[in-house]
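Starting from the given sequences, assemble the full structure and let the hints guide the process.
1 is the number of the first residue of the sequence shown in this note's numbering; add one for each residue after it.
These are computed hints drawn from the structure, not numbers from a lab.
Errors might be hidden in some of the hints.
[To be verified] Computed list of lysine-lysine pairs in DSS-like fashion (alpha-carbon distance at most 25 Å, straight line):
(1) Lys85 <-> Lys97
(2) Lys116 <-> Lys85
(3) Lys202 <-> Lys116
(4) Lys116 <-> Lys97
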Amino acid sequence: MRLILEQSILTAVLFLMMLSATAHHSRAIYDQERTVTIEGVVTNYEWTNPHVYLYVESQDDSGDAVVWELEGNVTTIMRRLGWSKDTFAPGDRVIAKANPSRNSTRMMAYLESAEKDGITFAGRPELIDRTEASRPRADSLSGIWDIPVTSWIRQFSEPLSWPLTASGAESAELYDDLTMNPQIECTPRTAPWLMIFTGVQKIEVGDSSISILTEYNTVERTVHMNLTSHDGADVSHQGHSIGWWEGDVLAVDTTHFADHRSGNARGIRSGSQKHLVERFELNPDRTNLTYRFELKDPEYLAAPITGELQAAYRPDLDFVPVTCSPEAARRFTKD
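Take a look at the structure:
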């Protein structure tokens, strides 16, 4: 049994290494060792999810007009970088820097920055300015929370070392990002991947329920504080959550997840046995909260996945969810 499991894990690791080199959201389709500078005129600007797009008409080496498709990040990240739906308009002259596609037949690139009228707008999440003149203190878990860039983003996007069962390894081996990625149909990620994604989240604490809302994927999770079991609950993408207080710590237990092609991580299917336990706790100085999770799915995961991150209390930030555009979501599947 151990040999079979180790072989399954090895198969999954090898497959996921290939996946990380081909999957759209891993950025591996772009040559990140090269940066091109594109000077030209904006022909279109799309403030959409799962990606913001900027189209710039420029000239190639032969002097012919070409239109570059520049892919940005999700709106919740781009907004934190100073972008908005009105940042660019057709006719604007811009200077953009970007990583070009490895496919030389496509005039597309991953946006690093775009300059207009002497103002440079960064495009990378690691450049978000999280400094504040003062650090406000939260009275409770209610409020706006800023999820930073952490290693968990890559671990869920490229779960190279995750322990998988034979079914989990098969799920990974058969996965094709161009046809099986749930986001092609604007199906949102599920917790805990959803919860660790960089961006803005809002928590609303009530007596009988607690709502957890994400700008990214425009998801609202409901934690039932007046229930003690999941009996009779319907299955859904985000599952059925019940919660309780352990002193000042919010504990959340979630089951009844619907089957999801990447419900545990990219390419790793989840099923009816998926079980998630989360804890939300204000730090002693009340300027941050600690989010902890334990993910189990014995059908696909050979061992639990556990982790934690720190989220900053940011009542100064607006909460502006933007729905997913099916057209934009499918764009990366084009030849």
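Check each numbered hint from earlier against the structure, then list the numbers of those it violates in ascending order.
The structure breaks only hint 3.
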